[in-house]
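Student: Those protein sequences? They're chains X and S, same order as listed.
Start counting the first sequence at 1; every next residue gets the next number (my numbering).
Start counting the second sequence at 1; every next residue gets the next number (my numbering).
Keep in mind that the hints were calculated from the coordinates and are not lab data.
Don't be surprised by glycine CBs; every beta carbon is placed ideally from N, CA and C.
Each computed DSS-like pair below joins lysine-lysine, with the alpha-carbon atoms no more than 25 Å apart:
id, chain 1, residue 1, chain 2, residue 2
1, S, LYS30, X, LYS38
2, X, LYS30, S, LYS30
3, X, LYS226, X, LYS195
4, S, LYS38, X, LYS27
5, X, LYS175, X, LYS195
According to the in silico footprint, chain X covers these stretches of chain S (three or more CB under 8 Å from chain X):
id, stretch
6, 9-20
7, 40-46
There are 2 protein chains.
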Amino acid sequence: MRTYLDCIPCFFDQALRAARMAKVSQKKQKEVLGRLAKEVPNLSLESSPPEIGRIVYRRVREITGKKDPLKELKNRSNRIALSFYPDLKKKVNFATDKLERAVKLAIAGNIIDFAKGNYLDFSKKDIEDVLKKDFGIFDYQKFKEALKNANQILYLADNAGEVVFDRILIEELIKLNKKIIYVVKDKPVINDALKEDAEFCGIDKIAKVVSNGSDVPGTILKFCSKQFLDFYKKTDLIISKGQGNFEGLSDEKIPIFFLFRVKCRVVANDVGSKVGDIILKSNL
Amino acid sequence: MRTYLDCIPCFFDQALRAARMAKVSQKKQKEVLGRLAKEVPNLSLESSPPEIGRIVYRRVREITGKKDPLKELKNRSNRIALSFYPDLKKKVNFATDKLERAVKLAIAGNIIDFAKGNYLDFSKKDIEDVLKKDFGIFDYQKFKEALKNANQILYLADNAGEVVFDRILIEELIKLNKKIIYVVKDKPVINDALKEDAEFCGIDKIAKVVSNGSDVPGTILKFCSKQFLDFYKKTDLIISKGQGNFEGLSDEKIPIFFLFRVKCRVVANDVGSKVGDIILKSNL
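This is chain X alone, in the form it adopts within the complex (with noise of 0.2 Å):
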């Protein structure tokens, strides 16, 4: 998905949000923005959303000196989704259908989101509120006709915390003889899953667990490790989470899947759905 100017200020809004983050002073936040600034000119539209995030969510890293600033809030994600974990279990297992019962609570996850900021917590009631929700998307027959001649799945990681989630899913996935890869983000970048979150939350147990070589809020292919592209180009499915992830890929021939929470007004009229809306797109 290409950038749009209604992007820009959101720039703006998330690198601001980043630098509080970062618990550094206003003096600081406003340099950020400066920095920011001077990057406007030069922009290109033609990238998509994520590949400016890098750059955005670089500069705060510099100005700030936080490598790391939202360290201590991925741990208490991961540590309050995995308190929800017997929970979710016991809702896919009470499920008529438990692939699908599952892929909603994966995109429920999805909620746990500090760019978009919303969201900076999350409650059993916010899981029941997605479960209770139709999708805005559905291309559920698909995915499962998908997964039928699918042997190995690369399935892309989208917030620390959600991981949990994640899991939920996988697991259901392995019951259906699948081998997964599980892929997280080589390097701190807002609150986007590491490996050390896809190990808190038990993922190395189930799956095969790899970064993508990046340090980009989302997956853009020239900037992923050549051991990822192997992955990737070898896969026989796609799952991709959150909205990131699906800015940087929905233009790829291959298939994926993209289980997200539509996140912004762009996204959304991009996809032809509101903000709000849980998706589960085929981009095929």
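Once you've looked at the hints, dock chain S against the given chain X.
Tutor: Chain S alone, transformed into the frame defined by chain X:
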């Protein structure tokens, strides 16, 4: 009120919206954002938001080449609001406290605001909704007290269309033997009311209409004309409409009553209310 860092993303948002309303190409719209970006490192947070807004909208006019891009929309607002006039009069005449009802209607008119972008149009339902609302801040007793001792009132207008709602309140004030000077902007900025709007809506028949001499989307005394400042210094009481005028005058130490609807989180925090609240606030 000072400018907060949160205002910076919002200025980009406003500039983009203004450029779009000027119906220029995407390239020109991006140029507007690039030009605004150049101002960011020099922006003083000690300035009030309308002082920066003045720069923002000047840049938009320079780059788009459109002096008054919202002229048609302003005319339309005036016409729609005028068509409501008989109904608004009835609402006042049937009220137990006619002055209070007129104050509330004057604030209801403040839903017409292109800068914040959510209300390009307004309906009778919007007005009914405001009439049903409780005030977030309601210094009505103080307002009535202040009115008792006031002979001449300076009434600072906000937007075109809204002028008709101001007329409703002004007509009630005239019944209380007050003399009204109605103050509009000197040059086009967003959809702020100009002399032509005041005249179209019939204010010139019941009050003296003067310009404040500036093109600020609010009232910043240092940019106002000598004529306005003379009125300002001599007046008994000021009624100030809209968030922009509040932002510019909230720190002044003369009797001002601010009537507005809270349109952003920054102002909500500043006055201690919520976005969407309707406010009648004394600055003393």
